[in-house]
Structures are given as structure tokens and as C-alpha cells.
Amino acid sequence: MSGKTFFTLWSDSAAVSAVIWLLILLIVLYVARAPAQLLLRRLGGLVYRALRLAARALLRASERVNARNREVMLVQAREHQVQRLQREFERVAAYVNRDLSGYPALNRQLSGMSAQVEEDFQHSGEVPPMPPPWVEAVNSIARIPANGDPVIGSILRNVQDMLDKSSRQVVEAYRKAAGRRHEILQRMLPLWRGMNRRLEGVEKLFAGLGERTRKIDHQVARLEAIIAGTDQVEETLKSSAVTQFFIASLLLLITVVGGIINFNLIAMPMSEMVGGASYIGPFRAADVAALMLVAMEVSVGVFLMDALRFTHLFPAVGTMEDKVRRRVMLLMLVFLTVLACIESSLGFMRNLLAADREALIQQLAGGATATSAAFQYRWLPSLAQMVLGFILPFLLAWAAIPLEMFVHSARTVIGLVAAAVLRLCALLLRLVGSLFDSVSKLLVVLYDTLISPMLLGERWLRGLRAGHGQSHKKTTA
Amino acid sequence: MRSLTNLCAAALLLLPLACTQTGGEHARAVYVLLDVSGTYSTRLDAANPVINYLLGTLVSGDSLTLASIDSASFSERNIISQVTFDARPSVANEQKRALRKRLDAFLADLHPSAHTDVSGAVLQAAQYLHESGAGHRYILIFSDLEQDLPKGYVRKAHVSLSGTKVVAMDVTKLHSDNVNPQLYLDRLAYWKNAVTTDGGEWQVVNDMNHLDRVFHD
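If you read the protein sequences in the order shown, they are chains D and Z. According to my numbering, the first sequence is numbered sequentially starting from 1. According to my numbering, the second sequence is numbered sequentially starting from 1001.
There may be inaccurate statements among the hints.
Pairwise CB distance ranges, derived in the manner of DEER restraints [said to hold, decoys possible]:
no.: 1; chain 1: D; residue 1: R411; chain 2: Z; residue 2: S1160; range: 56 to 64 Å
no.: 2; chain 1: D; residue 1: I361; chain 2: Z; residue 2: S1160; range: 30 to 38 Å
no.: 3; chain 1: D; residue 1: L253; chain 2: Z; residue 2: H1136; range: 33 to 41 Å
no.: 4; chain 1: D; residue 1: I361; chain 2: Z; residue 2: H1175; range: 35 to 43 Å
no.: 5; chain 1: Z; residue 1: S1160; chain 2: D; residue 2: L253; range: 32 to 40 Å
no.: 6; chain 1: D; residue 1: R378; chain 2: Z; residue 2: H1158; range: 49 to 57 Å
no.: 7; chain 1: D; residue 1: L313; chain 2: Z; residue 2: V1091; range: 37 to 45 Å
no.: 8; chain 1: Z; residue 1: Y1190; chain 2: D; residue 2: R378; range: 50 to 58 Å
Don't read these hints as lab results, they were simulated from the structure. Model, not experiment: these values are computed from the prediction. Each residue gets a CB set at the ideal place from its N, CA and C atoms; glycine is no exception.
Let the hints inform the model, and build the full structure from the sequences given.
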């Protein structure tokens, strides 16, 4: 039975058939109204609740990610802060070892100077000999008038002369003693100055120590805040991690570009070393070797930076005994220099090969050997390539610092992004759930709208029945 | 256990060496056939830019063979020069110079042949290329493709040309072709059929500016 035959089952007229089918549909819908609407409501509710559950689960996952992220961030910050503190203490230790190790000697010097100054002071305090007490009595006798007696006059003159002589001797002795005291005081002057200088040095030393102590106090306060894990610290760390992530990404991008330049510089001449006809899988062996050389430079750089304690990518290197670590550092520096020399020679070889190839092409084209200015100054790009080849490995070695920054900050940033995505998904699920709920309610209303003629009929019948019942009651009453 | 670990480490270190392949599927082998018969020998200058192009583009590991097509071409005697370029580019450049010098000497002392044995030359080329084991194989034919075998010579043997691209370069039109172009078209169709039957790929390049397409397709 075709669709058309089925449609015109009731009548040959399509309009009549359509009306009959519509009536049948309305009756069916009216009869199935209660279960159909229940089904729609239940389905809407089911999807709504399921999606809300899923959204809640995603929110919980987001919270877990956030908590984990916070934990990792605080641990990283704590480790970093401890390292900074450790470095600060090391600086103080170096400061104390360097400057305060001379303190006992300085103390001895100051004590010696002090004893010397004290002794000199005592010497400078020595009173010069006073004129003997009998001088006054003799002076009084010498002033007695002679009264014309030549013998007495002669005696008195002798007494006077003796008195004058004695006075002169006393004055002379006094002058000598004063001179000696001045000499002693003169000698004390450089001692005082020396003591002053040394004491100023000590003052500066303690001022420096005070400065360091204040820094340590600041670092300790920060460490305490990190351990306390306050919201302010968390926000600061998040912001810092995002900033670091972008800076590190930018620096790494620059390093990658540098690496590509380096690779192109050495790939061609590398074929002269490892052969241009060999392949490792689908790649030319020369290209792989050039890439390996660049990778080795970066690796050596990473180890060097770790040995210098600029980075902490390999804890095993950082925790080595200082003597061993210094040896590793020297070894890595030697490796890096050797690699730089190899690159430099490859840079030189590159120019030679390019010149040879150019000459061959010119020869094949039947041209004479070029003698233009560009060829005369061919050594210039050759030199530039050599210098570039030597410098680039050392520059690539610094890639370890942005790499460490990137690794550390990427963990936090990825966590933050993951938490945000989870929250967004939860929001979307809630929205979709609400949409389903609303749609199911809308469908119920639509259902009633579709069968509204039947519902109107039902209401009319009920009203009629109710009216009939009331009139019947009135009659019986 | 420790020796096993050492063995594994050694195996890992040697893995790249084991995977290293010289020439092979990455290498290109080109066999250039130069028709020195009376009808074409004056046109051989057309081969010069192509050979120069090849010397400029072929790299270490690739090989280039120059051979002549004369009255009896299925012979090693017809090989003018054969070289596989050294792994070191500087040495490869020297080889290219030497090859160019030998070709110049050959062209300077050219003796046109009375007959043209194209089939024998293609057979010889196919054999050589097959032995080279190169991943990309090309036979470039500078000829009018007019086969003219001496009496008693038979060229019914078939050598597989699978994986080989046979390119007819600068196929000149003979006087008879001018009279009846169908002869020219029939000749090209004959060689196309012969090459494709033996598993090869056939191409005709008369414009040297389109040479890139031959090696980049």
C-alpha cells in the first residue's frame, strides 16, 4: 500500500481524508495525553538532572585541579624561596668568612694600638722637675742688701749667680721635658688615625651585615607567608606564573629560531663530515648530525647552568659536592668550547663549499672565474659565519634558564587553564540541562495547544454535565 | 643482568648506524644516451644544457652515466663516462668537473655512426640502472628515435624497466616526418608502447625549460 493510497483510505477527496486523519490524530493525542505529557516531563527532568550531575562532577574536578594546582604552586614557591634564602645565607657566610675572619687579627691590632696609646699617654703626663724648695729661701737671702760690706756683697752676688744658674737649668730641663711630651703626642696621632680607620671598617662591615640580615628577614617573612598559603600569596604566585610563562615562551621561541639558524649554518658542511649520501630513515644523516650537534649544545648548556646553580633542572647536579660540581662545570665549559670550535670550522667550511659550488656552476655555464668585488671580500662572510658559529652555542646554552622557567610555570598555567575549561564545561552542561527542562515544558504546552479543540470539547462536556447534575439536584430537592 | 643492560645500551647506540643507508631508495641514477648517428649527431649540442643541469642538481650518492647510441649500442664500449658522486660534496664537485671534461673531449672527437641502435642502448641502460639499486631511475634519450639496425642484429630481448622513467629529449623530426607527420607520431607511439610494456614510464620533453618536471614528478 503506497502512501497516497493510505492517505486517501477514508475518502477519494484529499481534503476529506485530511480532515479525518486530523481528527484521528487529535483523538489519539487526546487519549495519550496524560502518559505522553508525563513522558515528556520525565525525559526533560532526567536529562536536566543528569546534566546537572555531570556539571557538579566537573566543578568538583575543577576544584580538585585548583587545589592540586595550589599545592604544587606553593611547593614550588616554597622550594624557590628556600633556595633564595639558602643563597642569601651563603652570601652572608662568604661575607663573614671573607671579612670577619680577620677580626681576631684586627682585635689584636687594636689592642696593641690601645696599649701603645695608653703608654704614650702616661709618658706624656710626666711632670718636668720643679725647682728645688730651697731656691725660695736662697732667693730671699740673695735679696738682702749688702749694706756696703764687700764680703757680704760678694757672697750675695755668688748666691745670686748660683740661683740664676739653677733657674736656667730648671727652665732648660722643663723645655726638654715639654719637647719629649710633644714628640710622644706627635707619635700618637697616626695611631689614633689608624684606630679610627679600622673602627670605621668594622662599622661598615656590621652595617653590611645588618643590610643582609634585613634581606634575610624579608625573605623569611615571604617564606612564612608561602607556608601559611594565604589567598594573597596564591594570587601573587598565579600572576607571577602566568607572566613567567609568557616571558619564557617568548625567550624559548627566540632560542628555537636561533637553533634553526644554527642548524642551517652547519647542515650543509656537515655532509662533508658524515657524508651527503647517507640517510637515517627518511632523513639525511648530515641533517640529523647537525640537529644532534645543536641538541648537544643545548644539553651541555643545561648541565652547565645546573652546575653553575643558575638552574635546577637536574637535582643530582645541583646537590653535588662543591668540588665535584666545579669539575663538572669546567668539563661542560670545555665541551661547549669544543662544540663552538667545531661549529666555527663548519661555518668556515660552509663558505668554502658554497664558493666551490658556485665556481662549478659558473664553469658549467661556460663563464670565466669571477673577479668582482663580491669575490674579493669573500673572506668577510666567511669570518662572520665563523664568529656566528662560535657564539651561537654559548647563546644556546642560556636556553636552560627560560626552559626551567617554562617547565615550572607551564605546570601552573596548564592547571589554571584546565580548571577554567572544566568550569566552562560545567556551565555549558548546566545551560544545556536547563534548556532540556524548558523544552520539555514547552512541548507539554504545545501538546495541549495541538489538542486544544478536544480539551475545549472536554471542558464543555464537563460544564454541561455539571449543569445537568445541578438541575437534577434542584429537581430532586 | 648488567651485561644485558650494557648490551641493550650498545644496541641503542648502534641503532642509528644500523638504520643508516647510503644511496639506495633516496638516490637518483640518470643514464643519458646520446645519439651519434648521422641523422642526429649535429644536434648533440642540445644535450649540453641538460647535462649541465644534471651536474648542478645531482648530489652525493646520485649517479650519472653518459653513453652513446651508435650502430651497436648494447656494449660497455659505448659508455663515455660513469660516476657515482662521492659522499663528500667537495669530492663530488671534482668528479663533476672531470665528467664534464670527458664529455667535452668525446664531443670534440665525434665520429658519426652509420646505423642507430636505440633498443640496444636502452637495454644497456636498463641493466645498468637496475644494478645501481637507486630509488629514482631515469633514462634520458637524445635521439630522433629512428631505429636503424645493421644487418643481422636482433633486438627482441626485454629487460624490465619497472621503476624507470624513460624520457625522450629533443626528438627531432626527420624529413620524412615533415612529409607525413603520422610517421613521427607512430614512432613516438612505438617507443611509448615498448617502454610501458617493459614496465617503464614514458615521457617526451622537447622544451628544455620543462626539465624540472621530469625530476620533480
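Results of checking the hints against the structure:
no.: 1; hint: R411(D) with S1160(Z): 56 to 64 Å; result: holds (60 Å)
no.: 2; hint: I361(D) with S1160(Z): 30 to 38 Å; result: holds (36 Å)
no.: 3; hint: L253(D) with H1136(Z): 33 to 41 Å; result: holds (37 Å)
no.: 4; hint: I361(D) with H1175(Z): 35 to 43 Å; result: holds (38 Å)
no.: 5; hint: S1160(Z) with L253(D): 32 to 40 Å; result: violated (52 Å)
no.: 6; hint: R378(D) with H1158(Z): 49 to 57 Å; result: holds (54 Å)
no.: 7; hint: L313(D) with V1091(Z): 37 to 45 Å; result: holds (43 Å)
no.: 8; hint: Y1190(Z) with R378(D): 50 to 58 Å; result: holds (54 Å)
In terms of the numbered hints stated before, the structure departs from hint 5 and from no other.
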